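One letter stands for each residue in the lines below.
Protein chains: 2
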Amino acid sequence: MSAQYNVSFINPFLAAVIDVLGTMAMVEARPGKPYINARRTAVGDVTGLIGVTGYAEGVISLTLDEKCILRIVSNMLGEDYTKINEEIADAVGELTNMIAGQARAHLANEGMKFQASTPSVIIGKNHTLGHINKQPILSIPFTTPDGNLVVEISLNKAEE
Amino acid sequence: MSAQYNVSFINPFLAAVIDVLGTMAMVEARPGKPYINARRTAVGDVTGLIGVTGYAEGVISLTLDEKCILRIVSNMLGEDYTKINEEIADAVGELTNMIAGQARAHLANEGMKFQASTPSVIIGKNHTLGHINKQPILSIPFTTPDGNLVVEISLNKAEE
Numbered sequence: 001m002s003a004q005y006n007v008s009f010i011n012p013f014l015a016a017v018i019d020v021l022g023t024m025a026m027v028e029a030r031p032g033k034p035y036i037n038a039r040r041t042a043v044g045d046v047t048g049l050i051g052v053t054g055y056a057e058g059v060i061s062l063t064l065d066e067k068c069i070l071r072i073v074s075n076m077l078g079e080d081y082t083k084i085n086e087e088i089a090d091a092v093g094e095l096t097n098m099i100a101g102q103a104r105a106h107l108a109n110e111g112m113k114f115q116a117s118t119p120s121v122i123i124g125k126n127h128t129l130g131h132i133n134k135q136p137i138l139s140i141p142f143t144t145p146d147g148n149l150v151v152e153i154s155l156n157k158a159e160e
Numbered sequence: 001m002s003a004q005y006n007v008s009f010i011n012p013f014l015a016a017v018i019d020v021l022g023t024m025a026m027v028e029a030r031p032g033k034p035y036i037n038a039r040r041t042a043v044g045d046v047t048g049l050i051g052v053t054g055y056a057e058g059v060i061s062l063t064l065d066e067k068c069i070l071r072i073v074s075n076m077l078g079e080d081y082t083k084i085n086e087e088i089a090d091a092v093g094e095l096t097n098m099i100a101g102q103a104r105a106h107l108a109n110e111g112m113k114f115q116a117s118t119p120s121v122i123i124g125k126n127h128t129l130g131h132i133n134k135q136p137i138l139s140i141p142f143t144t145p146d147g148n149l150v151v152e153i154s155l156n157k158a159e160e
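Here the protein sequences line up with chains A and B, keeping their order.
Its first residue numbered 1, the first sequence is counted upward by one per residue in the UniProt record's numbering.
Its first residue numbered 1, the second sequence is counted upward by one per residue in the UniProt record's numbering.
There's no promise every hint is true.
[Claimed, not checked] Result set (EDC-like, lysine to aspartate or glutamate): computed pairs, CA atoms no more than 20 Å apart in a straight line: (1) Lys134/A to Glu86/B; (2) Lys125/B to Asp80/A; (3) Lys125/A to Glu94/B; (4) Lys134/A to Asp65/B; (5) Lys33/A to Glu66/B; (6) Lys157/B to Asp146/B; (7) Lys134/B to Glu110/A.
[What the hints assert, rightly or not] From chain B, some residues computed to sit far from chain A (all C-beta separations above 12 Å): (8) Ile18; (9) Met26; (10) Tyr35; (11) Asn75; (12) Asp90; (13) Ala91; (14) Asn97; (15) Gln115; (16) Thr118; (17) Leu129.
[Unchecked claim] Pulled a few chain A residues facing chain B out of the computed Cβ check, cut under 7 Å: (18) Leu107; (19) Ala108; (20) Thr128.
Source of the hints: derived by calculation from the structure; they are not laboratory data.
Nothing here was measured: the structure is a model prediction, and the numbers come from that model.
Ideal Cβ placement from N, Cα and C applies to all residues, glycine included.
Given only the sequences and the hints, what does the whole structure look like? Please build it.
Here it is, written out as structure tokens:
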């Protein structure tokens, strides 16, 4: 594990995913073991991502299986979604914003202050997301009763 | 056209795309008419995107047809590429960086100073990219002899 991605860096993201999905969608997200993603790509059906600047430049992304996000948004909005559409995309953007925002608030308390761009959402069966970054990419995988998701963080440097 | 996207905002992007593709890949990009993208999504086979903060928060993206990017990278690297792979993804990240960087330099001269995240690249046949932003999205389309590309810029506010 890269020094830059120590426990005090990872924990805010773990907590944010569990908290946001639990309170917004009543979905229990169980974290797997975080790892350095040497393949540098996440594969999924829908991805929300946010660029960050400040303490370091990089990207925070949230990639989900179709089944997983359909359950989350169905719970969030109290309707049955069976297909990824514009409302799902908006919800993924909002979830990405909330998870990144909550994690950023905790990181700022630890002296790591980030500014964030607005979110983008990519929809496409089995698309791949590549972080164009020479530094290690941190992957934090989660399972839910309805499928998987992964949060990835890439930062180009830490100012330590 | 939204007041925020006037000529002095659009021209740096026009010039950057024409210049970067011309000098890096000897590909002539002919700009179409910029428009406000009410559908809020770009559709293509490969997308590079960069988040920005500072003068405003937002996203700059570059979405290309497969044929178009294969020609560009084949010219850039002096090899024949027939499939979108990791090298193509890296090249799209680099092109996005260069186009956004050149446009940012011009915008900074006009008093609009942006910081940029690192680029992300999405690969997936006919994926859609959605800008999660309540503000208008500026699309600048280009044609090349080998297919189309579009640059999109979404900003959540202008500090004017």
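Run through the hints listed earlier and report the numbers of any the structure violates, in increasing order. 2, 3, 4, 5, 6, 7, 12, 13, 14, 15, 16, 17, 18 and 19
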